[in-house]
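So the sequence lines, in the order shown, correspond to chains V and E. Numbering follows my numbering, in which position 85 of the first sequence is assigned residue number 85; successive positions increment by one, without gaps. Numbering follows my numbering, in which position 180 of the second sequence is assigned residue number 180; successive positions increment by one, without gaps.
Where hints are given, some of them may not hold.
[Said to hold, decoys possible] Within a straight-line C-alpha distance of at most 25 Å, the following computed SDA-like cross-link-like pairs (lysine to any residue) qualify:
#1 Lys115/E / Arg57/V
#2 Lys115/E / Asp125/E
#3 Lys115/V / Arg163/E
#4 Lys172/E / Pro70/V
#5 Lys71/V / Glu6/V
#6 Lys71/V / Asn43/V
#7 Lys172/V / Ala72/E
#8 Lys115/E / Pro134/E
#9 Lys115/V / Ala56/E
#10 Lys71/V / Glu168/E
[Unchecked claim] Okay, the calculated beta carbon distance ranges per label pair:
#11 Asp76/V / Ala42/E: 46 to 52 Å
#12 Arg90/V / Pro176/E: 18 to 24 Å
#13 Pro117/E / Arg75/V: 46 to 52 Å
#14 Glu69/E / Arg75/V: 51 to 57 Å
#15 Lys172/V / Ala100/E: 24 to 30 Å
#16 Lys172/V / Pro176/E: 47 to 53 Å
#17 Lys115/V / Asp53/E: 17 to 23 Å
#18 Asp53/E / Asp178/V: 46 to 52 Å
#19 Gln46/E / Glu119/V: 31 to 37 Å
#20 Arg52/E / Lys71/V: 34 to 40 Å
#21 Arg103/V / Asp53/E: 38 to 44 Å
#22 Glu96/V / Glu96/E: 22 to 28 Å
Calculated directly from the structure, the hints in this document are not laboratory data. Virtual Cβ for every residue (Gly too), placed ideally from N, Cα, C.
Next come the chains, spelled out residue by residue.
2 protein chains.
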Amino acid sequence: MQDEREVVVLRLGHRPGRDDRMTTHVGLTARALGADRVVLPANAGQSLETVRDITARFGGPFTAELDDEPKATIRDFAGVVVHLTMYGERVQDVGEAVRAAHRESSLLVVVGGEKVPFEVYDRADFNVAVTNQPHSEVAGLAVFLDRLFAGRELDREWTNADRVVLPEDTGKTVVPADDAED
Amino acid sequence: MQDEREVVVLRLGHRPGRDDRMTTHVGLTARALGADRVVLPANAGQSLETVRDITARFGGPFTAELDDEPKATIRDFAGVVVHLTMYGERVQDVGEAVRAAHRESSLLVVVGGEKVPFEVYDRADFNVAVTNQPHSEVAGLAVFLDRLFAGRELDREWTNADRVVLPEDTGKTVVPADDAED
Chain V
1 MQDEREVVVL RLGHRPGRDD RMTTHVGLTA RALGADRVVL PANAGQSLET VRDITARFGG
61 PFTAELDDEP KATIRDFAGV VVHLTMYGER VQDVGEAVRA AHRESSLLVV VGGEKVPFEV
121 YDRADFNVAV TNQPHSEVAG LAVFLDRLFA GRELDREWTN ADRVVLPEDT GKTVVPADDA
181 ED
Chain E
1 MQDEREVVVL RLGHRPGRDD RMTTHVGLTA RALGADRVVL PANAGQSLET VRDITARFGG
61 PFTAELDDEP KATIRDFAGV VVHLTMYGER VQDVGEAVRA AHRESSLLVV VGGEKVPFEV
121 YDRADFNVAV TNQPHSEVAG LAVFLDRLFA GRELDREWTN ADRVVLPEDT GKTVVPADDA
181 ED
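So here's chain V without its partners, still in its complex pose:
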C-alpha cells in the first residue's frame, strides 16, 4: 500500500476454465484489500485482463502481471515470504510477527491452489493458517490482508479512477471520478 513496503500476492497454480473465477477473485481481492501487485500464472491471461480492466476503471495504483517461473519468483524473492495454508501456524498467533517483518521488508503472499509443492512450505518464512479448516483461498487472503494492514487498507485512496462508488445505506450510486472529488 502507498507509503509502506510492497506487498505482492502470488497465485500459484491455475487450471484454465475451472479456476478462472477463483484466480480472478484472488487478483481483485489483492487489489481491493491493499496489496500493491498480483502475480498470476502464465496461463491465467483472462484473469489478468479482468484485473487490469477493473484497475483502469476503479483506480490504482495496482499492477497485475503473468509469471511463467513462479517457483523461482518465490525462491528468489528479496523479502519475506508468507504462504497461506490451512496446515500453517494460526494467524492469531503469528500475525504480529508477520506485521513486524513487513515493517522491515517487502512481503510476498503465496496463495496456492491444489497440491502446493513442499519446497514452498520450506522456503516460506511463515506458513500461515486463517483457521486450520478447509475453506477458500480467497477468504484466507482477505482476512490475512485485513489483519496485516490492521484495517488501514479500507481507507486507502485510489488514483486515476474513472468512476467511484458512493457508499450509502440503500441504493447503488456510481459517479464519474471527477465528480467524487468535488
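Assemble chain E onto chain V, guided by the hints.
Just chain E now, kept in the frame of chain V:
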C-alpha cells in the same frame, strides 16, 4: 457461534456449473469463520453436499440447507438482515452498529451474486460494503465475519470432528480427532 445469537449466511442466486465453486466457498467460509448455518439456493445441491461432507469430516456444529424461497426468507427473517454489497455503507463505519445489533438479535448475512433485486437493499437493516470496490463476495464475507466476531471465531472449538489439522510452521499434519484431544 456457540453461546452467541445465531448468524446465518444466505447465498442469493446460483448458476449451476458456473457458480459451483463460488457458492461452495461461500458455504465453507461461513462455516470456518463462525456462522452457525448457511442457506443455499435450491439449485446448489452440489455445494450443499460439499459443505456437509466437510462438516462431517472436520466438525461442527454447522448446518447447511437449501431454500427455494430465499426472498421470503430474507423478508420474513426474525432478526437483523445485513446485505453485503459494494454499494453499501463502509464496514469500518457501520461495523460497530452491526455488532451491537447482533448482541440483541440473530443476524442474516445475505451474500448476493449478480443482480440482487432492489427489495433486498430495501429490506436489509444494513447494506454493508467491505470496500466500495469490485472484488469477491467470498472475500467480503470473510472480512465481515472476522470483524463481526472480532477474531473470536478463530478460537472456536469444533465438535464431532473426524480429523484435525495440527498447526505447524512447516508441514502438513492431519490426525484423527481422538488423538488431538490427548
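Hints, one by one, checked against the model:
no., hint, in the structure
1, Lys115/E / Arg57/V, "holds, 20 Å"
2, Lys115/E / Asp125/E, "holds, 19 Å"
3, Lys115/V / Arg163/E, "holds, 19 Å"
4, Lys172/E / Pro70/V, "holds, 21 Å"
5, Lys71/V / Glu6/V, "holds, 19 Å"
6, Lys71/V / Asn43/V, "holds, 15 Å"
7, Lys172/V / Ala72/E, "holds, 22 Å"
8, Lys115/E / Pro134/E, "holds, 14 Å"
9, Lys115/V / Ala56/E, "holds, 23 Å"
10, Lys71/V / Glu168/E, "holds, 22 Å"
11, Asp76/V / Ala42/E: 46 to 52 Å, "holds, 50 Å"
12, Arg90/V / Pro176/E: 18 to 24 Å, "holds, 20 Å"
13, Pro117/E / Arg75/V: 46 to 52 Å, "holds, 49 Å"
14, Glu69/E / Arg75/V: 51 to 57 Å, "holds, 53 Å"
15, Lys172/V / Ala100/E: 24 to 30 Å, "holds, 26 Å"
16, Lys172/V / Pro176/E: 47 to 53 Å, "holds, 49 Å"
17, Lys115/V / Asp53/E: 17 to 23 Å, "holds, 19 Å"
18, Asp53/E / Asp178/V: 46 to 52 Å, "holds, 51 Å"
19, Gln46/E / Glu119/V: 31 to 37 Å, "holds, 34 Å"
20, Arg52/E / Lys71/V: 34 to 40 Å, "holds, 36 Å"
21, Arg103/V / Asp53/E: 38 to 44 Å, "holds, 42 Å"
22, Glu96/V / Glu96/E: 22 to 28 Å, "holds, 24 Å"
The structure fails none of the hints (numbered hints given earlier).
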